[in-house]
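**Student:** Below are the chains, spelled out letter by letter.
Number of protein chains: 2
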Amino acid sequence: MPPHFQIIPIGTIHKEEGAPVWVEIDPQYADGLLGLENFSHITVLYWLDRNDTAEQRRILRVHPRKDKANPLTGVFATHAPVRPNPIALTTCKLLAVQGCRLYIETIDALDRSPVVDIKAYIPPRQEAQEAVRVPAWVGRT
Amino acid sequence: MPPHFQIIPIGTIHKEEGAPVWVEIDPQYADGLLGLENFSHITVLYWLDRNDTAEQRRILRVHPRKDKANPLTGVFATHAPVRPNPIALTTCKLLAVQGCRLYIETIDALDRSPVVDIKAYIPPRQEAQEAVRVPAWVGRT
Numbered sequence: 020m021p022p023h024f025q026i027i028p029i030g031t032i033h034k035e036e037g038a039p040v041w042v043e044i045d046p047q048y049a050d051g052l053l054g055l056e057n058f059s060h061i062t063v064l065y066w067l068d069r070n071d072t073a074e075q076r077r078i079l080r081v082h083p084r085k086d087k088a089n090p091l092t093g094v095f096a097t098h099a100p101v102r103p104n105p106i107a108l109t110t111c112k113l114l115a116v117q118g119c120r121l122y123i124e125t126i127d128a129l130d131r132s133p134v135v136d137i138k139a140y141i142p143p144r145q146e147a148q149e150a151v152r153v154p155a156w157v158g159r160t
Numbered sequence: 020m021p022p023h024f025q026i027i028p029i030g031t032i033h034k035e036e037g038a039p040v041w042v043e044i045d046p047q048y049a050d051g052l053l054g055l056e057n058f059s060h061i062t063v064l065y066w067l068d069r070n071d072t073a074e075q076r077r078i079l080r081v082h083p084r085k086d087k088a089n090p091l092t093g094v095f096a097t098h099a100p101v102r103p104n105p106i107a108l109t110t111c112k113l114l115a116v117q118g119c120r121l122y123i124e125t126i127d128a129l130d131r132s133p134v135v136d137i138k139a140y141i142p143p144r145q146e147a148q149e150a151v152r153v154p155a156w157v158g159r160t
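Line by line, the protein sequences give chains A and B. Numbering-wise (the working numbering), the first sequence opens with residue 20 and increments by one. Numbering-wise (the working numbering), the second sequence opens with residue 20 and increments by one.
Bound conformation, chain A alone (with noise of 0.2 Å):
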């Protein structure tokens, strides 16, 4: 197994205040977004570049929500935007496609975010679903 994988960057995260929200893919990838308009959710992943030190990707512990009252956890237990490797993804609803501009309703992302892969959003079964359980500080707000 070598030492670590090389991900490249498909795309970036439009995300100004007061304009739609855009992830534009880059187009030498634009043939991979063949038949993503039948879908209307997303799977974005993307990296916490701004959070991409040695010294971040060493933290393993937080509070969830950067909320004291939360019980300190493991970034694991969490979506903590530190992590070793500092990669988020979010599931978002696809609004439209306009050739290599996927127009989504909105996004908990830094603006110019580097995109690492878009999956079509396929849901889990509703039996899955109803056996899900979570901790107390999800429900917090």
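Do not rely on the hints blindly, as some may be mistaken.
[Claimed, not checked] Cross-link-like lysine-lysine pairs, in silico, DSS-like; alpha carbons within 30 Å at most:
{"id": "1", "chain 1": "B", "residue 1": "Lys112", "chain 2": "A", "residue 2": "Lys87"}
{"id": "2", "chain 1": "B", "residue 1": "Lys87", "chain 2": "A", "residue 2": "Lys112"}
{"id": "3", "chain 1": "B", "residue 1": "Lys85", "chain 2": "B", "residue 2": "Lys34"}
{"id": "4", "chain 1": "A", "residue 1": "Lys112", "chain 2": "B", "residue 2": "Lys112"}
{"id": "5", "chain 1": "A", "residue 1": "Lys112", "chain 2": "B", "residue 2": "Lys85"}
[Unchecked claim] Label pairs and their in silico Cβ distance ranges:
{"id": "6", "chain 1": "B", "residue 1": "Pro22", "chain 2": "A", "residue 2": "Glu35", "range": "20 to 28 Å"}
{"id": "7", "chain 1": "B", "residue 1": "His23", "chain 2": "A", "residue 2": "Glu74", "range": "15 to 23 Å"}
{"id": "8", "chain 1": "B", "residue 1": "Ala49", "chain 2": "A", "residue 2": "Ala73", "range": "17 to 25 Å"}
{"id": "9", "chain 1": "B", "residue 1": "Ile141", "chain 2": "A", "residue 2": "Glu35", "range": "21 to 29 Å"}
{"id": "10", "chain 1": "A", "residue 1": "Lys112", "chain 2": "B", "residue 2": "Asp130", "range": "30 to 38 Å"}
{"id": "11", "chain 1": "B", "residue 1": "Ala38", "chain 2": "A", "residue 2": "Lys87", "range": "35 to 43 Å"}
{"id": "12", "chain 1": "B", "residue 1": "Pro22", "chain 2": "A", "residue 2": "Arg120", "range": "21 to 29 Å"}
{"id": "13", "chain 1": "A", "residue 1": "Ser59", "chain 2": "B", "residue 2": "Leu114", "range": "29 to 37 Å"}
{"id": "14", "chain 1": "B", "residue 1": "Lys87", "chain 2": "A", "residue 2": "Leu114", "range": "26 to 34 Å"}
[What the hints assert, rightly or not] Rough simulated footprint, nothing fancy, chain B against chain A, three-plus residues with beta-carbon under 8 Å:
{"id": "15", "segment": "48-60"}
{"id": "16", "segment": "86-94"}
Calculated directly from the structure, the hints in this document are not laboratory data. Where a beta carbon is used, it is the ideal one built from N, C-alpha and C, also for glycine.
Position chain B relative to chain A; hints supplied.
**Tutor:** Chain B only, in chain A's frame:
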């Protein structure tokens, strides 16, 4: 923006015929698991290492599920194991956490696949699920 980002494996999938399936987290990341046992499901992000070749990373269109009856589709509109960044994600039922071993019900991954992140699974809102739309090929067996 750098030309690429570095992914460091944090563990390995163990999946052998007739044995329980588990994710082995490397001991230096053990602190990141605190509280994971409070979740019923986890999302495992893993590297499709056996597809990590320059040639396979250039494939942008496939017949979903390797079935020629399914229309030629962009890889971003599928969960195909070939894509520019060969990263896979699967949400799994978490059966038990024993030290650095996460026992899971099942995963559609090859034995010894490198794991790159674990995220606690927080389900989407019910309304969001009801609005999901997918193309016909998703429903085929």
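**Student:** Can you list which hints this structure breaks, lowest number first?
**Tutor:** Violated hints: none; all satisfied.
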